[in-house]
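Trainee: Okay, here's what each chain looks like letter by letter:
2 protein chains.
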Amino acid sequence: MRLWTASKFLLSKISYNCMNSICHAFKILYTLELCTHLCVIVEDGKVIASGRNRTNETQNATRHAEMEVIDTFLEQWREHRLSKSEVAEKFSKCKLYVTCEPCIMCAVALSFIGIKEVFYGCANDKFGGCGSVLSLHSTPKGEGFKCTGGIMATEAVSLFRSFYEQGNPNASKPHRPLAQQATQ
Amino acid sequence: MRLWTASKFLLSKISYNCMNSICHAFKILYTLELCTHLCVIVEDGKVIASGRNRTNETQNATRHAEMEVIDTFLEQWREHRLSKSEVAEKFSKCKLYVTCEPCIMCAVALSFIGIKEVFYGCANDKFGGCGSVLSLHSTPKGEGFKCTGGIMATEAVSLFRSFYEQGNPNASKPHRPLAQQATQ
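Chains as they are written, first to last, in the UniProt record's numbering: chain A, 1 to 184; chain B, 1 to 184.
Pulled out of the complex, with its shape left as it was, chain A reads as follows:
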């Protein structure tokens, strides 16, 4: 069910041809690793990198899904020995799809790397950097990236709510008990 919801979220904006690769990426990220903060980078209609929030796992509060996918992406390109200008050109053609609006930190990071466009599900009312708290994705001079939010926002909110209601087994000190424990 979760995989389906996550996939539907993405499929609303990318072509039908992407379905298989997106389902594959989300199957790994979402079903197996129990994480809702997910993103993928798409180039020419194909998912080429994926990331998930790893703040608990790494004990590093900056390791949001977007920062993870940027590093994964660049690691791939380093292996192909692309030059700096080739990397910049790559980023300028890529789109990022993420379940929740990038926070202020991630919005600036995505702007620094020169991503072409970002699509997100639900708004991030506390830290959102693409319109909710601040609008750091673009400047009056037209710099930055295009951003479209609210894609299947209801489903995205439901997905996060469901996740947090169950409790996060990866957190070192869960704020809420896991569903299974709570019913014991």
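Any given hint could turn out to be false.
Any copy, or any two copies together, can satisfy a pair, since identical chains are not distinguished.
Unchecked claim - 20 Å max Cα-Cα, derived SDA-like pairs, lysine to any residue:
| hint | residue 1 | residue 2 |
| --- | --- | --- |
| 1 | 126 | 141 |
| 2 | 84 | 56 |
| 3 | 93 | 77 |
| 4 | 46 | 84 |
| 5 | 90 | 55 |
| 6 | 84 | 57 |
| 7 | 84 | 55 |
| 8 | 126 | 140 |
| 9 | 126 | 142 |
| 10 | 93 | 59 |
| 11 | 84 | 54 |
| 12 | 93 | 75 |
| 13 | 116 | 48 |
| 14 | 84 | 59 |
| 15 | 141 | 127 |
| 16 | 126 | 154 |
| 17 | 95 | 59 |
In short, the hints are calculated from the structure, not lab data. A quick note: this is a predicted structure, and the numbers were derived from the prediction, not measured.
Chain A is fixed; fit chain B onto it per the hints.
Mentor: What follows is chain B alone, placed relative to chain A:
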């Protein structure tokens, strides 16, 4: 000369007892690696981690000195198998010293990890997140971190100017010719 300027910048705000360790950190970072965007994390008056801007080296525009030092710091703690709460407690006692005002992305990142206090040299008029463009280091509720800027700002500006006038040999496509090449 550069080492001396960089050391003086830090020494204006931290105790004399720190001098040796700071000089050591900056000798490696600054003199040998030819980089002006530097920072150190200090715990109980002792430098415990250092970072430098690695955006050109990694071809990753998000690898600012502050992001580097956070990762270095956490790597050390992971080796010591500290828990998440122990890591959070560590950060809440640490101070960060950096040559230039943290950008918006780094200001939020430092806030996320819960650093106690930040000191910086010159302002970052284009991207500064601690007062110059936005003030993201603290909230009206008192969350975030204390921040003091303008420490030996003239020297810090001079240090950056000198660096960029010479050209950056680490950049893949230098915007300015290196001093040596320019005089040939």
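Trainee: Any of the earlier hints contradicted here, and which numbers?
Mentor: The structure conflicts with hint 4 only, although it agrees with all the remaining ones.
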